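These protein sequences, in sequence, are chains A and B.
For the first sequence, counting from 1, position 73 maps to 73 in the working numbering; every step adds exactly one.
For the second sequence, counting from 1, position 62 maps to 62 in the working numbering; every step adds exactly one.
Bear in mind the hints are in silico, worked out from the structure with no lab data behind them.
Quantities reported herein were computed from a predicted structural model and do not represent experimental measurements.
Incorrect hints may appear among the rest.
Calculated pairs, BS3-like style, for lysine-lysine (alpha carbon to alpha carbon, straight line, at most 30 Å) [unchecked claim]: (1) K81(A) to K206(B); (2) K179(B) to K206(B); (3) K179(B) to K20(A).
From the derived model, a few chain B residues whose C-beta atoms are all more than 10 Å from chain A [unchecked claim]: (4) S33; (5) L55; (6) S57; (7) V63; (8) P76; (9) Q78; (10) H81; (11) T117; (12) A142; (13) D174.
If you want the footprint, here are the derived chain B segments under chain A, 3+ residues with CB under 8 Å [as the list claims (entries may be wrong)]: (14) 100-113; (15) 157-171; (16) 182-188.
Even glycine gets a Cβ: it sits at the ideal position worked out from N, Cα and C.
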Amino acid sequence: MNIAIDSGPSYGLAVVTLDKGETIIAESGAMAAMSTDLVVKPQLSGRGKGDLVSTLQSLIFALARRFLAGESVFVNAFTAKADGQQVMLAPGLVGDVRHVQLAGNSVTVQAGSYLGSTPGVIVGLVWGGFSMLFGGEGAFFLKCRGTGDLLINCYGAIEEVPIDGKYIVDTGHVVAFTGDLKYTIRRPGGWKSMFFSGEGLVLEFSGQGTLWTQTRNLSALASWISPFFGGK
Amino acid sequence: MRIDVSHRPAYAMATVHLEPGETCVAEAGAMMSMETHVKMDTSAAKPNQGMLGGLMSGLKRMVAGESFFQNRFTSPDQPGHVIFAPTLPGDIATYTLNGGGIMLQSSAYLCSIDTVTVDAKWGGAKSFFGGEGLVMLKATGAGLIAFGSFGGIREIDVDGKFTVDTGHIVAFEDSLKFKVGKFGGGWMAFLFGGEGLVCNFTGTGKLWIQTRTPQGFGQAIAPHLPQRRS
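Model the full structure from these sequences, guided by the hints.
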């Protein structure tokens, strides 16, 4: 399998080249173009062993993912029937796409930033904490763990930040972070700066790992553009 | 005529360099800047076309989602340049026609030399449904044409078969045959795959896709915007 990112950072496109038998799973609606020697199978976004219990579990997970994290119920699995088959994946939002490799570790991804993954990566839903409800970005994260390739997308460009110690990020600029990082949600300064600094809430990360941030904030775009649509 | 494309892929613009006496035709509203000795003329008709013919050409363009009027830029007695910018943020690609033809998604057309003919082409029932309209543009003749996209443009050499989401098509050489079909080839993938209809191309030729779609962007940003007041 080969994954190349094209047209970044403005309009990143993931070009996935598969050999016979290899599979890439992608967010519903992400396929822009593809070769024809591929089998396409829609499946529930959280997959189990295939028995009744795990099917019910994945159905509940898929519905939770839909309503709590704003992701789709179904994802599509593309499996190559011959060598050199291509699938091109494009997110809806403008911005970059990043390829992250997992080797038994986990990466937590902000809802809406998941684009695709290989079957060895298990995607689950995690509660981000009550305060995330006020961050405007959704209170749930997707937790991706296992071994394989993960594709994430964002609004704006992606800035990768190696963390060793502590680091602060605005809630609207978080894309993903490795599972060994801990975080707390807090005010960026005192109460006065909470109301007047225009920064809202921030995440304070601690530990050692990698953090991916986005150079633009979707909520900020929405509130800037809203008056032109007759909104608040 | 020569076209330089700069500021790719996010906010591309096309600088058209005209030789003395050459004429470039462009979509209404696309002109961004030009040298003062370049003359602009606005008309719905092609040269040597009467008023009725011009009306028909304009109406056909409107049906295809283009403008009724088109602008013609000529640099009469010295070289000159005109710069064109599409409406949407995205990329621009150029192509030199040489006897063959290319099909364009209706809003992709930006500009062309006047030896290129651009006509609305009814795609028929087999044509696009993915919000792209049933009418495409067909460019034939000889010379340069430029077209724009929402997002980046990726050129694909098709030899055999290739499938593209209808919303991601920008243009393709008319040596390629196409058929609109269900994504994944079956009802399951069509209904639950979230892709809707796709375009299945066969043959040999070039194909240009855009790495974003206005519809996809709209769906991604809509939940963050206030409800539309009616």
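Evaluation of the provided hints:
Restraint check for K81(A) and K206(B): satisfied, since their Cα atoms lie roughly 24 Å apart, inside the 30 Å limit. Under the criterion of a C-alpha separation no larger than 30 Å, the hint pairing K179(B) with K206(B) is consistent with the structure, at around 16 Å. A distance of roughly 26 Å separates the Cα atoms of K179(B) and K20(A); the hinted pair therefore holds under the 30 Å criterion. The non-interface label for S33(B) is consistent with chain A: the shortest C-beta to C-beta separation is roughly 23 Å, beyond 10 Å.
The beta carbon of L55(B) sits about 35 Å from the closest Cβ of chain A, which is more than 10 Å, so the claim that it is off the interface holds. Even its closest Cβ contact with chain A, about 33 Å, leaves S57(B) beyond 10 Å, as expected for a residue assigned away from the interface. The Cβ of V63(B) sits about 27 Å from the closest Cβ of chain A, beyond the 10 Å cut-off, so the non-interface label holds. Listed as a non-interface residue, P76(B) keeps its Cβ farther than 10 Å from every Cβ of chain A; the least gap is roughly 38 Å.
Distance to chain A confirms Q78(B) as a non-interface residue, since its nearest Cβ pair spans about 36 Å, more than 10 Å. The Cβ of H81(B) lies farther than 10 Å from every Cβ of chain A, with a closest approach of about 25 Å, so its non-interface assignment holds. Every C-beta of chain A lies more than 10 Å from that of T117(B), the closest at about 28 Å, which supports listing it as non-interface. At roughly 29 Å, the least C-beta separation between A142(B) and chain A is larger than 10 Å, which holds for a residue marked as non-interface.
In this structure D174(B) is separated from chain A by more than 10 Å, as the shortest Cβ-Cβ distance comes to about 19 Å. For the stretch 100-113 of chain B, the stated coverage by chain A is violated: 0 residues have a C-beta nearer than 8 Å to a C-beta of that chain, whereas at least 3 were required. Under a criterion of three residues with beta carbons nearer than 8 Å to beta carbons of chain A, the stated coverage of the stretch 157-171 of chain B is upheld, 7 such residues being counted. Remark: the stretch 182-188 of chain B is confirmed as covered by chain A, as 4 of its residues place a Cβ nearer than 8 Å to a Cβ of that chain, reaching the required three.
Hint 14 from the list above is the single one not met by this structure.
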